[in-house]
Amino acid sequence: MLETKSLSAGYGKRIIVGNVNINVNRGEIITLIGSNGSGKSTLLKTISSQLEKISGNIYIQNKNISDYGRNELAKKVSLMLTGKTEPELMTCLELVESGRYPYTGTFGILSAEDKRKARYALKLVGGEDIADVEITKTSDGQRQKIMLARAICQDTDIMILDEPTSYLDIKHKLELLSILKKLVREKNTTVIMSLHELDLAQKISDKIICVKNNKIDRTGTPDEIFSGDYINYLYDIKCGSYNDIYGFSELEKISGKPEIFVICGGGAEIYRKLQRQGIPFAAGIIHENDIEYPVVSALASVMISEKAYEPISTEKIQLAKNIIAECREVICLCDNFGTMNRGNLELLEFAEQQKKLSSP
Amino acid sequence: MTKNKRYIICFSALIILYLLLIFLNLTNGSTDSGIEYLFTKTDNAEDLTARNIIMNIRLPRTLAAAILGGALAISGFLLQNFFSNPIAGPFVLGISSGAKLIVALTMIFTLTHGIASNSFITVTASVTGSMMSMGFILLLSGKIKNISMLIIAGVMTGYICNAVTELAVTFADDSNIVNLHNWSVGTFSGTDMEEVYFMSAVVIPCVFFTFMLSKPLSAFQLGEGYAESMGVNIKLFRFEMILLSSILSACVTAFAGPVSFLGVAVPHIIKGVFRTAKPIIIIPAVFIGGGAMCLFCDLTARTVFAPTELSISTVTAIFGAPVVIFIMIKRKRG
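Read top to bottom, the protein sequences are chains A and B.
Each residue of the first sequence is one higher than the one before, starting from 1 at the first, in our numbering.
Each residue of the second sequence is one higher than the one before, starting from 1001 at the first, in our numbering.
Treat the hints loosely; a few may be bogus.
With a straight-line Cα cutoff of 16 Å, these simulated EDC-like cross-link-like pairs (lysine to aspartate or glutamate) come out [what the hints assert, rightly or not]:
| hint | chain 1 | residue 1 | chain 2 | residue 2 |
| --- | --- | --- | --- | --- |
| 1 | B | K1278 | A | E52 |
| 2 | B | K1330 | A | E288 |
| 3 | B | K1003 | A | E134 |
| 4 | A | K84 | B | E1240 |
| 5 | A | K187 | A | D157 |
| 6 | A | K307 | A | E288 |
| 7 | B | K1003 | A | E250 |
| 8 | B | K1278 | A | E86 |
| 9 | A | K238 | A | E252 |
| 10 | B | K1235 | A | E52 |
| 11 | A | K238 | A | E224 |
| 12 | B | K1215 | B | E1195 |
| 13 | B | K1330 | A | E128 |
| 14 | B | K1278 | A | E88 |
| 15 | B | K1278 | A | E134 |
| 16 | A | K115 | A | E128 |
Derived Cβ-Cβ restraints for the label pairs, each shown as a range [as the list claims (entries may be wrong)]:
| hint | chain 1 | residue 1 | chain 2 | residue 2 | range |
| --- | --- | --- | --- | --- | --- |
| 17 | B | F1211 | A | Y59 | 50 to 56 Å |
| 18 | A | K115 | B | I1008 | 17 to 23 Å |
| 19 | A | I170 | B | P1322 | 42 to 48 Å |
| 20 | B | F1011 | A | N213 | 41 to 47 Å |
Calculated from the structure, these hints are not laboratory results.
Backbone N, C-alpha and C define an ideal beta-carbon position, used for all residues, glycine too.
Excised from the complex, chain A in its bound form (with noise of 0.2 Å):
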């Protein structure tokens, strides 16, 4: 459907992201991720055309761009930017048929089918109840749905949207790229954008393309790219972490010598909280298939853990009781003990001889 071969993309004759060559299928979803100023939103304009291309080419249905009219290729690929477009006095509807542009004569007059393909795509985003409402006067999830809708309304194979969900809450975040999902699955359309959430994206694409120092990184599907450390070393994460499995980040650990023991049980908030008052903890002894282990991996600045299903080694109940009597305080998380956690009760016990044990 769309092809680069070579393609370099920057302003004037400094290069932002070069040797760019990637390949999308129709039908499906692309998404660039990388830092800010990495240079996604560059190679999303060159691609659509909106920036001259440094060099290279790129191939839409097998033909180069250059040698599509304007027309053309207005037929062929639509765009929603980031930023907001506040033309005054125009109504959500106005706004949709304006992507019957490429398709109308010398005034622009909307013929019936123009205006049924208005309807639909408006119908799609879920806009008819606003279709009348001056654009200027919704919000910005209302908004960013009807820039959707106009760039449904284009009619195009393919669709690149820089950022669509910026500024949205979470709520318009799920709800636009649901209208896209349905939009490949109704329409086969291809769809290239850049997102900053990762883990929506992680769900979304069929592709992730990764741009880093320049260039393309890495391409692959969602499990490729979202394993081990990679978006850590992607996005240069210093003071904090992503986790790859459940999409969450958390910030950087407090480092230094515990002061407070944690005994793993259940609630990952008292390790946020201890993050949040700055207070260094250690946390133990836990399995590394427990729910919580991302959480603590990321966030105490000692842990003790015991491998899956084995139950707790002696010594590993030994240095936890060694740390343990190096800090102020034991907070328990932990009210049952079965037959794999038994040595977690032994520290429990440990603490209340020591008498450092408090409530969480």
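The hints should help you fit chain B onto chain A, whose structure is shown.
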């Protein structure tokens, strides 16, 4: 009320107002020469004078006000869209003043060298001047993104041009001064039919061409990015907008001198009344509305303190400047 119904009602009202103002401009003035004189068969001296006044003085002046007012309003509408700035206009951006400067210099030159000046020379000088100012403002707009600051830059450009014009006028021959002074404050007085033909030949094609740009203009209202993605040739389109607005405002300056605020106020009023900014509706409405407003202002200028005449800019400023203030209050942000 459906949109189309609203457009029809508004257009009808506007056209009636326009015709009414044309009629009033023809029949009112410092002499008591009513329209009935046109239909008298007698050839006595009184009738002849009255007929002469209506046909050779009031008619060209009225037509000039109608055409140039429309031209100025269209120019303002184009500039507002170009800069996506609701208070842009040829006067506030200093484009009229630039035109005025070059026209004044040309007038002084031709008069002192005994060259008979004509419409063609004046319009050419005026277009040159407005293109120069426009070029300067475009340079500034690359550096100044803030809407209000751009306007201030324009007003300052206007002041500089006016100062140089004043200087040139001050040192001009006595015989030129009267002529120049009247023109440099803005007036429709002394227009003859020759000039009306000439201005029509410039303005009407320009307005028609602007109307033909309705479709890309509507896309441009969403911003350059969207316009381009829908197939508009942005570079060409921007050039066309600049050229048309410069020629239109230059034509006004050439014949009537600088006319203030009309270019800003009229598009805004029209959009407010029609409750739309669709170019295909607004362009014709702005042309008629600009003409109507200019006819009204010229009538006021001629009749309120008759036989003393006010300059057209004095009157347009009284009606136009408050509109600008109103827009600024309404927008609130930079």
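Hints and how they fare:
1. B:K1278 with A:E52: Given pair B:K1278, A:E52 is violated - Cα atoms ~30 Å apart, limit 16 Å.
2. B:K1330 with A:E288: violated (61 Å)
3. B:K1003 with A:E134: holds (13 Å)
4. A:K84 with B:E1240: Given that 16 Å is the threshold and the Cα spacing comes to 26 Å, the pair is violated.
5. A:K187 with A:D157: Within the cut-off at roughly 8 Å; holds.
6. A:K307 with A:E288: OK: A:K307 and A:E288 at ~6 Å, within 16 Å.
7. B:K1003 with A:E250: violated (53 Å)
8. B:K1278 with A:E86: holds (14 Å)
9. A:K238 with A:E252: holds (7 Å)
10. B:K1235 with A:E52: Roughly 13 Å between the alpha carbons, so the hint for B:K1235 and A:E52 holds.
11. A:K238 with A:E224: Violated, at roughly 22 Å.
12. B:K1215 with B:E1195: violated (32 Å)
13. B:K1330 with A:E128: Judged against 16 Å, a Cα distance of about 29 Å means the pair is violated.
14. B:K1278 with A:E88: Measuring from Cα to Cα gives roughly 10 Å; hence the hint holds.
15. B:K1278 with A:E134: Holds, at about 13 Å.
16. A:K115 with A:E128: Between A:K115 and A:E128 the Cα gap is close to 13 Å, so the pair holds against 16 Å.
17. B:F1211 with A:Y59: 50 to 56 Å: violated (39 Å)
18. A:K115 with B:I1008: 17 to 23 Å: holds (20 Å)
19. A:I170 with B:P1322: 42 to 48 Å: holds (46 Å)
20. B:F1011 with A:N213: 41 to 47 Å: violated (60 Å)
Checked against the numbered hints above, the structure violates hints 1, 2, 4, 7, 11, 12, 13, 17 and 20; every other hint is satisfied.
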